[in-house]
Amino acid sequence: MNSQRRRTWIGRGVRLFVALAVLFVMFRWFERSQIFHPTRQLEATPDELRRPFEDVRFKAEDGVELHGWFFPANTNSPRAHLAFLICHGNGGNISHRLGLCEALLETGASVFIFDYRGYGQSHGRPGEEGTYRDAQAAHAWLRQKGFRGAGIIAFGESLGGGVVSELALREPLGGLVLQSTFTSIPDIGAELFPWLPVRLIGTINYDTRAKLPRIKIPVLVAHSRDDDLAGFQHAEKNFAAANEPKIFCELRGGHNDAAWEQKEFRDALEKFLKLVEGNAGEMPQIAQPDSAG
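Here the sequence shown is numbered in my numbering, starting from 1270 and rising by one per residue.
In case anyone wonders, no lab produced these hints; they're calculated from the structure.
Certain hints may be false.
Straight-line Cα separation of at most 25 Å, DSS-like style, residue types lysine-lysine; simulated pairs [as the list claims (entries may be wrong)]:
{"no.": "1", "residue 1": "1532", "residue 2": "1543"}
{"no.": "2", "residue 1": "1480", "residue 2": "1532"}
{"no.": "3", "residue 1": "1506", "residue 2": "1540"}
{"no.": "4", "residue 1": "1543", "residue 2": "1485"}
{"no.": "5", "residue 1": "1540", "residue 2": "1480"}
{"no.": "6", "residue 1": "1543", "residue 2": "1480"}
{"no.": "7", "residue 1": "1506", "residue 2": "1485"}
{"no.": "8", "residue 1": "1506", "residue 2": "1480"}
{"no.": "9", "residue 1": "1414", "residue 2": "1506"}
{"no.": "10", "residue 1": "1532", "residue 2": "1414"}
Computed spacing ranges between beta-carbons, pair by pair [unchecked claim]:
{"no.": "11", "residue 1": "1377", "residue 2": "1418", "range": "14 to 22 Å"}
{"no.": "12", "residue 1": "1409", "residue 2": "1547", "range": "23 to 31 Å"}
{"no.": "13", "residue 1": "1497", "residue 2": "1409", "range": "34 to 42 Å"}
{"no.": "14", "residue 1": "1418", "residue 2": "1497", "range": "29 to 37 Å"}
{"no.": "15", "residue 1": "1310", "residue 2": "1530", "range": "19 to 27 Å"}
{"no.": "16", "residue 1": "1532", "residue 2": "1479", "range": "29 to 37 Å"}
Glycine is no exception: its CB is placed at the ideal position from the N, C-alpha and C atoms.
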């Protein structure tokens, strides 16, 4: 009888273990599917901006081939020594951000936008550490192009804010822009899926808020009170965690609305660039790349 009971309990334990393992695997799949929404097909080309550009292929440290577009500043621009490095959000690819590129180019700086692994024409499969490596590789490409670390401004859109905040801890930067960025994946996951043990078993973090106190460069936080994905409190907490000098810009509209079209954003960006320039001091001009495309 005792032997029979033992076998029964062992059988129940095995079934419970298998059920928990299946649930864990399902949660891993669900977690990734909610965070990464890559699109492979490019729906626009940089030619549409009618200005010089480079179609760039480069590799991350682990050998994954990545793709991006580099738009040089005008040769006579007083901000030709500055470059925006765009880390986009979790959906689509670089072809959906030409409007952002155009707005940033109007500041007089260069712009480099790239796709994370698994997005657009970049190879591989997206993941948290992978996106960090991809951003580092894009940063290294700009450094090889002649830009100083203090002349590179990391622009993080939504999920990209989590990427650029980590980049600021790994590589030298001149400034950090967090547009519609959440505090962390566990925070926003717990808000969107309160019935799931997100904080207990989640493995993807992108913990922007925790990293900001260690970042010592100018920060611009831009967010809308009407953001329908990452609530306004995320921006408030990120801004509180950031060091001075910092600027807060209140946007209008939903999470995916074009912030770069708003005058408030453009004005805040101009003010922010003056902070970056004052913080970095005088920096030498760099040779402009040959145009292509």
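Regarding the pair residue 1543 and residue 1485, is the alpha-carbon distance no greater than 25 Å? 16 Å, holds
Could you check the hint for me, namely that residue 1418 and residue 1497 are 29 to 37 Å apart, CB to CB? For residue 1497 against residue 1418, whose Cβ atoms are near 36 Å apart, the range 29 to 37 Å holds.
Decide if the proposed pair is consistent with the structure: residue 1543 and residue 1480, CA atoms, cutoff 25 Å inclusive. Within the cut-off at roughly 24 Å; holds.
Would the hint linking residue 1480 and residue 1532 be met if the CA-CA limit is 25 Å? 29 Å, violated
Outcome of range test on Cβ distance (residue 1310, residue 1530; 19 to 27 Å): Hint holds: Cβ distance 24 Å, inside 19 to 27 Å.
Holds or violated: residue 1532 with residue 1414, Cα cutoff 25 Å? Violated - the C-alpha atoms of residue 1414 and residue 1532 are around 31 Å apart, more than 25 Å.
With respect to the beta-carbon atoms only, verify the hint that residue 1497 and residue 1409 lie 34 to 42 Å apart. For residue 1497 and residue 1409 the Cβ distance comes to about 36 Å; the hint holds.
Regarding the pair residue 1506 and residue 1480, is the alpha-carbon distance no greater than 25 Å? 12 Å, holds
Distance restraint between residue 1506 and residue 1540, which requires alpha-carbon spacing of 25 Å or less: Given that 25 Å is the threshold and the Cα spacing comes to 22 Å, the pair holds.
Checking one constraint from the list: CA of residue 1414 to CA of residue 1506, max 25 Å. Satisfied? Not satisfied, since the Cα-Cα distance of roughly 35 Å exceeds 25 Å.
Starting from the hint 23 to 31 Å, judge whether the C-beta atoms of residue 1409 and residue 1547 obey it. Holds - the Cβ-Cβ distance for residue 1409 and residue 1547, about 26 Å, lies within 23 to 31 Å.
Given the hinted pair residue 1506 and residue 1485, is their alpha-carbon gap at most 25 Å? 17 Å, holds
Checked against the numbered hints above, the structure violates hints 2, 9, 10; every other hint is satisfied.
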